[in-house]
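Protein chains in written order, with the working numbering: chain A, 46 to 611; chain B, 231 to 300.
The hints are simulated quantities; they were obtained by calculation from the structure and are not laboratory data.
All values derive from a computational prediction rather than experimental measurement.
Honestly, I wouldn't trust all of these hints.
[Said to hold, decoys possible] Derived pair list, reagent style SDA-like, types lysine to any residue, alpha-carbon separation capped at 20 Å:
{"id": "1", "chain 1": "A", "residue 1": "K493", "chain 2": "A", "residue 2": "V557"}
{"id": "2", "chain 1": "A", "residue 1": "K326", "chain 2": "B", "residue 2": "S274"}
{"id": "3", "chain 1": "A", "residue 1": "K159", "chain 2": "A", "residue 2": "D327"}
{"id": "4", "chain 1": "A", "residue 1": "K83", "chain 2": "B", "residue 2": "H295"}
{"id": "5", "chain 1": "A", "residue 1": "K83", "chain 2": "B", "residue 2": "I237"}
{"id": "6", "chain 1": "A", "residue 1": "K326", "chain 2": "B", "residue 2": "H264"}
{"id": "7", "chain 1": "A", "residue 1": "K159", "chain 2": "A", "residue 2": "T100"}
Listed here are the chains, written in short residue letters.
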Amino acid sequence: MMASILILPERLVRLSTVDLIIVVFYFFLVLAIGWYLKGRANTGEDFFMAGREMTSWVAGLSFLSANLGALELMGWAGSAYQYGILATHWYWVGAIPAMLFLALVMMPFYYISKTHSVPGYLQLRFGESSRALSAVSFAFMTVLMSGVNMFAMAKVMQIVLGWDINFSIWVSSLTVAIYVTLGGLRSAIFNEVLQFFLIWAGALLIPILGLYEAGGWSQLKVQIAHRASDQYVHLWSTLGTFGNNPMGINWVGIVFGLGAVISMGYWTTDFLVVQRILAAKDIRSAQMAPIIGAGFKMFVPIIVILPGLLGLAVLPEKLVPESMALASGAHSYNDVLPLMLARYCGPGLLGLGVTALIAGFMSGMAGNVSAFTTVWTYDIYRPFINSKGSDHHYVNMGRWTTVIGVLISVGTAYLVMQFASIMDYVQALFSFFIAPLFGTVVLGMLWKRATGPGGFWGLLCGTLSSIGMWTWVKIDPTAIRYVALSPNAKGLAQDMFQALWSFAVCVTVTVVVSLATKPMPDAQLTGLVYGLTKIPSVGKLTLFQKPIFWAGVVTVVFVILNVLFW
Amino acid sequence: MQTGESISIWFFIGISLAGNGLLILAAGLYGLSHPPALPVVLSSLHADIWWGAILSAVGLFYSVHYRPAR
Numbered sequence: 046m047m048a049s050i051l052i053l054p055e056r057l058v059r060l061s062t063v064d065l066i067i068v069v070f071y072f073f074l075v076l077a078i079g080w081y082l083k084g085r086a087n088t089g090e091d092f093f094m095a096g097r098e099m100t101s102w103v104a105g106l107s108f109l110s111a112n113l114g115a116l117e118l119m120g121w122a123g124s125a126y127q128y129g130i131l132a133t134h135w136y137w138v139g140a141i142p143a144m145l146f147l148a149l150v151m152m153p154f155y156y157i158s159k160t161h162s163v164p165g166y167l168q169l170r171f172g173e174s175s176r177a178l179s180a181v182s183f184a185f186m187t188v189l190m191s192g193v194n195m196f197a198m199a200k201v202m203q204i205v206l207g208w209d210i211n212f213s214i215w216v217s218s219l220t221v222a223i224y225v226t227l228g229g230l231r232s233a234i235f236n237e238v239l240q241f242f243l244i245w246a247g248a249l250l251i252p253i254l255g256l257y258e259a260g261g262w263s264q265l266k267v268q269i270a271h272r273a274s275d276q277y278v279h280l281w282s283t284l285g286t287f288g289n290n291p292m293g294i295n296w297v298g299i300v301f302g303l304g305a306v307i308s309m310g311y312w313t314t315d316f317l318v319v320q321r322i323l324a325a326k327d328i329r330s331a332q333m334a335p336i337i338g339a340g341f342k343m344f345v346p347i348i349v350i351l352p353g354l355l356g357l358a359v360l361p362e363k364l365v366p367e368s369m370a371l372a373s374g375a376h377s378y379n380d381v382l383p384l385m386l387a388r389y390c391g392p393g394l395l396g397l398g399v400t401a402l403i404a405g406f407m408s409g410m411a412g413n414v415s416a417f418t419t420v421w422t423y424d425i426y427r428p429f430i431n432s433k434g435s436d437h438h439y440v441n442m443g444r445w446t447t448v449i450g451v452l453i454s455v456g457t458a459y460l461v462m463q464f465a466s467i468m469d470y471v472q473a474l475f476s477f478f479i480a481p482l483f484g485t486v487v488l489g490m491l492w493k494r495a496t497g498p499g500g501f502w503g504l505l506c507g508t509l510s511s512i513g514m515w516t517w518v519k520i521d522p523t524a525i526r527y528v529a530l531s532p533n534a535k536g537l538a539q540d541m542f543q544a545l546w547s548f549a550v551c552v553t554v555t556v557v558v559s560l561a562t563k564p565m566p567d568a569q570l571t572g573l574v575y576g577l578t579k580i581p582s583v584g585k586l587t588l589f590q591k592p593i594f595w596a597g598v599v600t601v602v603f604v605i606l607n608v609l610f611w
Numbered sequence: 231m232q233t234g235e236s237i238s239i240w241f242f243i244g245i246s247l248a249g250n251g252l253l254i255l256a257a258g259l260y261g262l263s264h265p266p267a268l269p270v271v272l273s274s275l276h277a278d279i280w281w282g283a284i285l286s287a288v289g290l291f292y293s294v295h296y297r298p299a300r
């Protein structure tokens, strides 16, 4: 009865009773976990840092899972349908080197400094002004992004399942608010690990059955070449020029823009993911966690990219861009994953697949909210509003901030519902901060001569240059020929080159201002900068216990995969 | 892989996989005697039965191995 009230006539799939039981079972389980963990979130370290007692496996899977949201899954499956195997770059060269860099180079400094957050590290290294700039921009954007994602996911639930948008927004956001308020970061992490398993359990059947139907990988390539183009199944060989591949990008944009700047910025300085690693129980676990995450990340294309490619080969209809879909009523690229789910999954399996999408959305939102709560409490409220509160006071502030953060997200979702163009602006705004922040943090960690004013002005100028380039292309679309170095460049190429230039501006300004200002004394930089920090011993480790060994294994597999799909 | 909790995260994951696996297996077995009017593609492979069985087995192993009283 309840389901029939909430379901609208148009929908991609129809859930049976057993599917609904599986969805309800998921909601019951996440609330039960939050309820169970409520007694273990009494101190600041417990609530904001999960007691810093996570094993490398839990921290690593949570680190990966925080990025494996439902929109990420559906969006990249759609991109694989649109651009072919090139979308895999966002999982391989656009993730693995950055994760290993975080593990081997940056993690020791984050961990030894015992900071609560990335803005917290900036305060220790560059002073309050850098922290304030980074914390305010991160908190503001995180909570807005959470709202944008909430609206987008509710929209997906309306299209796929016929669920009412208000129902999706309120049920999911209230559930997240309850379990994060009760259990803090630990509850968010536990649910992220649970989500990781649900996503694999719910999505892995699509590539298995799809490859069976297509007749294996070789036949799949033949069918894609026939129905689209041979360019869709090559990872590197089409990247010589902008016009030779469906994405309109070249290898410079992928290697330097994506691999060296955007992914480094995201995976090493976005507090949403780094927070999970800071919760590790010791420095070896903190280093192993991103390596474990990288090991699994390499295989995520099996459940994201492969369904998109299979859709190109086996779906009878031709999917179209979102704008055309709205006008014509056809299915868009972003519908490819639900379409493949509906193609192979009957009662029960369909419920698990839908649960995986809901779980992905909710844990992504919990990640945003828990990161926002920590940055607000430790990097804005405590230093600038009330520095004399007790630990208990800050935990209470964290709980209230969780609720308020969720409510702001809900408000943003409704704002986006009224003014859809806000979504594009918010997503663009978020990307402005990532590349320059990486420049500031990495210089801070590796170059002891970098000074406080250098860090602040580098971060500010890098961010402003990114906003400037974006505005320039928005006003005059032909300006992309200057930003991305080619008139044939497309949107994704602009993102890559914009990041590259803003990183370069940040580094240049930081270096120039630092050299013109007074150096910081070495004693002040101990524990924060390479060369002045003694990495604590983790005892005698066997070869198989050493992070560097497993980083080597991941690197070898990474190289083999890239050559295999060249 | 304990996390310092009296109930391990792996126990919750075991419960989730086992619960979902058993529901999917049951739906698959029911579908043998009551085939749906609009079967999915490759329904002859009975993915719900073997996938449900795999999830149940993995889930039950985790649930027992990481049970709280252990």
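inquiry  = Just to be careful, I want the Cα atoms of A:K159 and A:D327 compared with a cutoff of 20 Å; is the pair within it?
reply    = holds (11 Å)
Worksheet entry | Satisfaction of hint between B:H295 and A:K83, Cα-Cα up to 20 Å | violated (24 Å)
message = Please verify whether A:K326 and B:H264 have alpha carbons no more than 20 Å apart.
response = violated (52 Å)
>> Need the status of pair A:K326, B:S274: alpha-carbon distance at most 20 Å?
In response: Distance of about 48 Å is beyond 20 Å: violated.
* Pair hint A:K493 and A:V557, alpha-carbon separation not exceeding 20 Å -> Distance of about 14 Å is within 20 Å: holds.
key: Restraint status (C-alpha distance of A:K159 to A:T100 at most 20 Å)   = holds (17 Å)
Does A:K83 pair with B:I237 here, judged by a C-alpha cut-off of 20 Å?
holds (13 Å)
Against the hints set out earlier in the document, violations occur for numbers 2, 4, 6.
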